[in-house]
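Same order as they appear, the protein sequences are chains A and B. If you're matching positions, the first sequence starts at 1 in this note's numbering and goes up one per residue. If you're matching positions, the second sequence starts at 1 in this note's numbering and goes up one per residue.
It should be emphasised that the hints constitute simulated quantities derived from the structure, not laboratory data. Remember, predicted model here, so these are calculated numbers, not experimental data. For every residue, glycine included, the Cβ atom is placed at its ideal position computed from N, Cα and C. A portion of the hints provided could be inaccurate.
As the list claims (entries may be wrong) - On the chain B side, residues computed to face chain A include the following (Cβ under 7 Å):
| id | residue |
| --- | --- |
| 1 | G29 |
| 2 | F34 |
| 3 | L44 |
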Amino acid sequence: DAGVTQSPTHLIKTRGQHVTLRCSPISGHKSVSWYQQVLGQGPQFIFQYYEKEERGRGNFPDRFSARQFPNYSSELNVNALLLGDSALYLCASSLVGGAGEQFFGPGTRLTVL
Amino acid sequence: AQSVAQPEDQVNVAEGNPLTVKCTYSVSGNPYLFWYVQYPNRGLQFLLKYITGDNLVKGSYGFEAEFNKSQTSFHLKKPSALVSDSALYFCAVRAAAQTYSSASKIIFGSGTRLSIRP
Chain A
1 DAGVTQSPTH LIKTRGQHVT LRCSPISGHK SVSWYQQVLG QGPQFIFQYY
51 EKEERGRGNF PDRFSARQFP NYSSELNVNA LLLGDSALYL CASSLVGGAG
101 EQFFGPGTRL TVL
Chain B
1 AQSVAQPEDQ VNVAEGNPLT VKCTYSVSGN PYLFWYVQYP NRGLQFLLKY
51 ITGDNLVKGS YGFEAEFNKS QTSFHLKKPS ALVSDSALYF CAVRAAAQTY
101 SSASKIIFGS GTRLSIRP
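Put together the whole structure using the sequences plus the hints.
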């Protein structure tokens, strides 16, 4: 079975631009979460979506938004990019119920110049 | 509030020796605890989890972790290290009381870089 997939792999943007990152969960997983991992740090929770609804939000500004589609794939949008948004953006999917361990995709490396 | 502490930025071990990567946590109520490993330019790979029951949890690649409720710790261990174990390891916690009507937010530690020398 395919794991979590993310696109694109790498992305270079300039300050003030907008970016859209995409994620497809493991088949059968209905919950998708997004994390930001800055170099040298652990992943920071941004959003969780389940059944197309936002179920949780981390401490990120309103420039960050996301949505989940009927096929459970998800998009993360970031507006008005800042240099500090440069990071590895990780998507994770999980089953509903149980401990909720999450399975991560390879990430999208975003560089803001 | 939930939090995870990994007190060692780096752990160095000779191949064949036992290894321990330390983790302590803080959470309201009972915890769900996880260990993940990250190789360069890769996403995180799930190693093992503790939900309830036996305090010693066995996971992938020969790793195990010991849950200690009184010390709020969940240290990762392996009896005999391999050079291929060299990677970045993350401990994570989630409050068991969270339901899927709310966020199953997982909080990660800052990571410990494990270096195994031949």
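Verification of the supplied hints:
This hint is violated: B/G29 has a C-beta 14 Å from the nearest C-beta of chain A, more than the 7 Å allowed. Proximity of B/F34 to chain A holds as hinted, the smallest CB-CB distance being about 6 Å (cut-off 7 Å). Proximity of B/L44 to chain A holds as hinted, the smallest CB-CB distance being about 4 Å (cut-off 7 Å).
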